[in-house]
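**Q** Take a look at the letters that make up each chain.
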Amino acid sequence: GAGVSQSPRYKVAKRGQDVALRCDPISGHVSLFWYQQALGQGPEFLTYFQNEAQLDKSGLPSDRFFAERPEGSVSTLKIQRTQQEDSAVYLCASSETGISSDEQYFGPGTRLTVT
Amino acid sequence: TQLLEQSPQFLSIQEGENLTVYCNSSSVFSSLQWYRQEPGEGPVLLVTVVTGGEVKKLKRLTFQFGDARKDSSLHITAAQPGDTGLYLCAGFDQTGANNLFFGTGTRLTVIP
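Top line first, the protein sequences correspond to chains A and Z.
Residue 6 is where the first sequence starts when you use the numbering used here, and the numbers rise one by one after that.
Residue 137 is where the second sequence starts when you use the numbering used here, and the numbers rise one by one after that.
There may be inaccurate statements among the hints.
Stated by the list, open to error - Here are the computed distance ranges between Cβ atoms for each label pair:
(1) Z/G232 to A/K83: 27 to 33 Å
(2) Z/V191 to A/D23: 47 to 53 Å
(3) A/A7 to Z/L139: 30 to 36 Å
(4) Z/N160 to A/R14: 20 to 26 Å
(5) Z/L139 to A/R20: 40 to 46 Å
(6) A/S32 to Z/I149: 39 to 45 Å
(7) Z/A204 to A/A7: 36 to 42 Å
(8) Z/V191 to A/V35: 27 to 33 Å
Unchecked claim - Anything over 12 Å on all C-beta distances counts as not near chain Z; from chain A, calculated:
(9) K16
(10) V17
(11) D23
(12) V79
(13) T81
(14) Q89
(15) E90
(16) G114
(17) R116
Treat the hints as calculated values from the structure; they're not laboratory data.
Remember, predicted model here, so these are calculated numbers, not experimental data.
For each residue, glycine too, the CB sits at the ideal point set by N, CA and C.
When you get a sec, could you build the whole thing from the sequences and use the hints?
**A** Right, dumping it as C-alpha cells:
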C-alpha cells in the first residue's frame, strides 16, 4: 500500500519568502507528526495532530511556523518569512491510532534550502 | 528536553567486523526505538524495546534496553555494506506524549 508522501521533495526559497510543505499520510491514520531534521542531526519534534485537532505544537520554533490538518487527512506546514536557520529536512510521519508509542511511519521528507 | 546522546557519531568499518552503537540519556523512557535512515528517505523502524533489561534480536542486529530504561545499545555482527546508513535511537517519555525524542544519530559506513 501507499506510504506517507510529501511534496515538494526539494524547495529552495529566498530569505523572507513564505513556503508551504504538504504531507499525505497513510490513508486512515489518525495521528500525524511533523519533525525538523538539521543536516547530520536526528529529527526534532515540531507538532502533532490527532485527526484535525492540533494537540501539541510545543516544538514549533517560532510564530512563523504554522501547521494545519483541516479535514484530518492531508497536512500542510507553512513557514512565513523564511530565515536561513530554517534550512533543514522536514519530515512528516503518521500512525494508525492516537495511542502513545504506536509505530510512526515516515515520509521521505522535504529538503528546504533558504538562500 | 529529553536528550538522547549517541556514540560514536561516525563509524567506518570493514565488511565482516562487529560494532556497537550506544544511546544514553539521563531521562527515563517508557520505551525506546531504533531506526535506520538512508539518504533522501525517512527513518524506518527497526525495533521497539519496552522492558528494562530487554534484549531483542533481528537477524545480525541485537538491541538491548538498559535496566533503568535510560540507555540502549545496538550491536551488529558481521557488518555488511547494506548496513550502511544513519542509525537513530528515539524514545517516548513517561508523560504519555505521542512525540518521539530522537538521538543525535550514528552514521555507519561499511566498506566492502
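**Q** Against the structure, test the hints numbered earlier, and report the numbers of the ones violated in rising order.
**A** The structure conflicts with hints 4, 5, 16, 17, although it agrees with all the remaining ones.
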